[in-house]
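Enquirer: Note that the protein sequences, when read in sequence, are chains L and A. Residues -4 to 446 (this note's numbering) make up the first sequence, in order. Residues 981 to 1441 (this note's numbering) make up the second sequence, in order.
I should point out that these hints are in silico values taken from the structure, not numbers from a laboratory. If you're wondering where the values come from, they're calculated on a predicted model, not measured in any experiment.
Calculated pairs, PhoX-like style, for lysine-lysine (alpha carbon to alpha carbon, straight line, at most 20 Å):
(1) Lys216/L / Lys395/L
(2) Lys211/L / Lys395/L
(3) Lys1378/A / Lys1346/A
(4) Lys49/L / Lys167/L
(5) Lys1104/A / Lys63/L
(6) Lys1441/A / Lys414/L
(7) Lys49/L / Lys1417/A
(8) Lys414/L / Lys262/L
(9) Lys1441/A / Lys445/L
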Amino acid sequence: MATMTLADLSLAEVASQLLDRTNGRVAQAEVYGYDTTSTPVDFEANRLKSLETKDSRGIALRVICDGKIGLAATTRLRTGADLDQVVADAVALAAFGAEARFELPSRIDATPVDVFDPATEAITVEAMVGLGQQMIDHVRAYDGDILCEAGVRRAVETTVILNSRGGHGTYKKSSYALVIGGQLIRGQDFLSIWEYDTRCGTDIDAMALARAAVEKFEIAKPIATVRTASLPVIFTPRGVASVLLSRFGVSLSGKSVLQGSSALSDKLGTAVFDPRLTITDDATVPRVPRSSPFDDEGTPTRPHTLVGNGEVRAFYYDRQTAGLAGTETTGHGYRSPESLPGPSTSVVRIAPGGTSVADLVGGVDEGLLVESMTGTFAGNVFSGDFSGNVHIGFKIEGGKVVGRVKDTMVAGNIFADMKDLGGLSDVAEWVGGGVQSPHILFRSLGVSSKT
Amino acid sequence: MDTRDAGDLRDRLADALRGHGADYAEIRVEETDATSLTYRGRTLEEVGRTSNLGGCVRAVVNGGWGFVSFNSLEGLRDRVGLAVRQARLVGGEGTTLAAVEPHVDVVVPALRRDPASVSLDEKKRLMDEYVEAAWAVSPRIQTTNAGYGDARRRVIFANSEGSYIDQSRFRVSARVQVLARDGANVQQSRAAFSSPDDYDAVVGRHVEVGDAARRAVALLDAAAAPGGEFTVICDPALAAVFAHEAFGHLSEGDNVHENERLRDIMVLGKRFGRPILNIADGAAIGGQPGSFRYDDEGTPTRRTDLIRDGVLVGRLHSRETAGKMGEAATGNARAQSYRHAPIVRMTNTCIEAGDSSFDEMVAETKLGIFCRDWYGGQTTHEQFSFGCAEAWMIRDGKLAEPLRGTTLSGNLFTTLENIDMVGRDFEWTEAGGMCGKGGQNAPVGQGSPYIRIQNALMGGK
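Just chain A, with the same shape it has in the complex (with noise of 0.2 Å):
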């Protein structure tokens, strides 16, 4: 059986998950095609083509869950079988899940130019140029590491309540990494781009990975940044990792549908931030690394607020968070491939856009550090925190003195509080980013304007 040859695949998936006995149950079938270039300094090192298919079945039976995941799609009847026969051992206190109204759709995104029409030769001297256009930048760059990659993902999901959703996404992203070296001091930075539905999104960025390479090279002339509390301006592609750390995991429901003492903290109506501050996510705001139509679990996907106006007023769910906690389910089950249960999860995070702008901020700043791009974050729900690139002091109201990146962290009860300015100038961050979680990892858009944040703290000596 495959996904190619089917029209029938509706009939057999529908015929699989029949007669269980479960309270729910769900087959998802992937099919995957990737090509990626990878560059170890000017040489192309290696060239590879993926080609995954592979199925999961997940079944629930009075609360508990059982998940059987496989490559053969041979004997799925019986895949199902074990699935429900795991989810009885568990057993618990009854299945509450969300209602959502069985879909039966087909969704493939119409692509601007489809990487797939494009030859291999003309990818190879795209990256070429690029890593051309780092080298050439000063004799100081050591190295750098580059790599292309494109990707098709096509998930068919059924379930026992009648869905039957055929959804296709695509890839295609390329990155260098400029490494410039001066003795033993080893100084990096990068330039990355993606999308979801255009080869030519990144074609023609040969200034950007000079830029990268020039900010490599200039680091290595930057002093380390000191430690302590400072007034920090983040830069919206730091913001963004910022608003998914500091805020984003918290407001997952699975993080806090059994957790008691979580709830009472996470209290919708409850203040996190002063009035400029606004946060939402969502699969269905478009042509970014986390946007789709239908989750993992069929749930159609929406726009989620979860601060307005500085208040949290809403929350990420999966149909079993949102019926445990009496919410709508918001198209936020997400599985990083067959491999994996969906679980509760970011899609597009982000900052709304205030009414300030950087030099303001900047004039506002009497001594502070400004915070350049990420290096990513991670968080432990009450403290957390993520890392620059690249950052400067201010010094009286001016950008001063360069520094090297660093490590920022922060503490869920007084960070969000201590935003003080958010910019006017909104911006997505072009390539996304990678999100682990439950040891699954999730592709994410991340947004936001300039923020301010008063005593951040920051690591160094």
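With the rest of the complex left out, here is chain L (with noise of 0.2 Å):
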């Protein structure tokens, strides 16, 4: 007779497991577990190069050990032998660990939040197949030079909490994510196009990605110049999602207050932004796969206002941050199975402003519409600054797009540029699955420009 492996059991039975191998051990224990099947389906070069299936399987183990966190993850689940590997790894690391300065919940109630469509789970690779091909041959039909790359991708993922005071939940999410876009080459002009659209559920229209991806690829072919100057400068909402949301990450994170490298750390309940600018954290909007009933340490989810007309209203927290603040977690408590949960954000929404796009658009006489930029991420996050490469973006005469820029940058600060903006559009787009964001029109930025 076979004896009976791990991998026989579900993700529930095996987190259960290795928290009754912590009773009596450590004085608090929380197992993290996941269980995901992802199926990416790939067209390169205009077609179809690889189907893959990516199972993965994983615990965590966190334990309060007099008074000192311990740490200790796997995927090597095969026996018994191997959870109790984990518990003396998190007990003997406690040893060394920082001083625990939270509980962890003894219930977690927490509302159902949709995030499961099992019409994700259950569309067919062919199906997904046919959808990558349809997107390619439309942009093809529009023009045959360019070499496409699409995706159709979906995942599935189990999440468990166990903890040793009693709280448990566990939840399902799908998500489903198609991407077209391609790649033009004239002389020694590259132009790269991509569309993406990521949901929990299927309702994504591919051949709105493609007929978008056509119509950029249109608006894109003729090339103008911008001389180097201050500038006002137009975020399209990718380029707001790309380029800006991560200094506010930054600056509103508990854990950068805490240690004061925020330069909002003494801010809270400040106005530092323009009063139209109002910035949300929100995991309980339903179908978009940052959301989640709870964080990652049981926390159930709520939404938050950390910007609120321009005043600096909150900060975002998990349970030891918190804590070690003196204030409450926010469900904030996000992490990777290989760390402890820290503070980050999950829905991020940027309320919409009065004016059109159309409108912010006319009101420019000489300027920049910026859809992505390379090389934002490399700068000093800490100081607001940005600065980069314009990968796609527009210039602006008299009022309309007459061209794409190339062999330009710009730079700015979130904290100086942002006090007084040109406007907000009046539409709220979604970026992926995680941020939703009006156009920004900033007064003037540095632009600089090969000339």
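Hey, can you piece these two chains together into the complex? The hints should help.
Expert: Below you can see the structure in the form of structure tokens.
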């Protein structure tokens, strides 16, 4: 008879066996377990390249021993001896760990959040292949010189949290992502355009993405030039998400505030930004992959206003950071299995303003419309500075988009340049699976260009 | 099944791979063990140990690929079957893999001082000292973020052609990021150390940590860098990132092999730079973060010249891209872990030494900027950008006022040609870098002398 291995048990059963092994050895213990299956379908150079099935399962154990925190994680889950090793590691490491300033929750009273769609789990690989091919066919029908790449990716993940104080929770999440784009090389001009969307369900209009990609290729064809000067710049929702949000994330993190590395650490309740700027973080938004009923340490999620009408309203915290700062967790304790929970944003929404995109553009006599930049992650995020090369961006002249710019850089600072904005557009658009933003007009940013 | 228990693992993998009708199939089984210490300010915030076991199968039928990854090593034969079915469903126009002799080998690096032989107590003491060395520099130090890590990674590779390679790698690293603050002005600097084979390489570096803290404090009084076109001198660390972004990615065969227009642009023999420019890459270059003996397809590694005397002479390949382009596999197929199929990427990339000195470069620059140390980079192939940590104006042949870090960008077709001086003092950037591509990260080695670039574009106001 074959011996029972952990591979035959459900994730919840493995988690429970691990928790049982900590009995009497630690003051508090928490098991975080995950079980994921992802099926990416990828097209390269206009054709289907590969089919993949990726299964992963692992657990992490956080313990409090003599008032100190220890952590161990593994994907080596064959027999009980592997679980014993995890307990031994976590307990041994706790001797060196930080002093625990929190208690694990004895209940996880979370309201369910709709993040699982059975349709995502049910969609066939053949259907996914068909969608990818349709998107590519549409873009290639527009211009056969475009070398297309596409992806149709689905993933289903089960998360389990169990702790020694009786708290337990589990949820299943699905995510579905479509991406279509390609590269068009003409002479020494390389143009790369990408459109993408991510949801929990399969309700993404693949052809709308393909049409959007074609539209972007079309408006990007003419090349325009811009001079080195301080000029008004409009960031599209994608531009906001990729360039600006990481600066807000760092500055509003409870951990940066506690350490004093955030420029906003002493600004709670103070108006720092334009009064039209409101930023919320809300993991309860249904059908968005970054949402969840509770965070990775079992704190139920709820909406938080981080910046309200330009005023710094709240910082976001996990349990330990909140304990150190003398405040409460906000349900932002997120983690990778290999590390302790730490504060991280979930679904970030920037409230829309009152101007149409057409009017924002129409009001710019000479400036830029920026969709994406490269190198912006490379700066000093704590200072609020951002600077990078414009990847997809357009020149605005006399209130009209006249062409794509190249060899152009944009630089600014979220604190100095967002005090008085030129305006926010009246529609906030979803970008990927966790950000919603309007277009934002900066009155004046540093624009540098090759002459 | 486990990589520790089985002399018969080789037979089991060979059995699992046999008789599926694939053109080619391979299995990787991977074990990692890692220890990390993470500091928040002066407090040791996190001590963790991670132990992973996982595997993957990759198969190709008619040029279409199937890939399956997993944590449980039960039922390997069925996993191979699934990968082959997937590959068959993809299909294509035939499999063309460059030939590589099957190898049977065990690679275990000789460690000078094994981090596993050092107590956690001692590691913590070392990091406590580094953190204190930073804080002691100035009352304007606001905080530090520091970390120590050591890891062992063992990958067992078997393919349907008879290769069986059991390869282990190690890495130990320590880093201290220092933040200085004056009101809303927050500046940072860092020190980072690493080694593939010696714990002692990260020991005794207190002076360098103190220097990083002094740099962060000095940046508080530096002006923001101006925007526009300048003559720029890059230190070796920044120049190496420049080589990686400006040119390295375009030499990766997967970017070229199915892209006719790019093939025309990246044709061997084409001039990209002045005769003083030489760029090479290779995992066979020892002692760097991207050093290893076999890549993740079992191909022995080598050193590949990419640009010789300013002319494109080579590129980096997997077996597939080499096969399709009629060139030889170069050992550049790398996977972040068993959760990923290997992709073509750089290993240790360097600009080779020239004959100028740093002093000559400065003296021969009327108005320019000297940029030091790096914060990463990014490329869209034609255009690329990279960040520097600190800078100085150069006026009339002399270093002048200090500037804060900034971002530079360039264009493939003009910037390489604009490198007009290459220094004679070659250096590998000690901690190397982490390169992201196709959703996978890989440690890379970066080496260069000082270089001077004409008409480099800087971001700023």
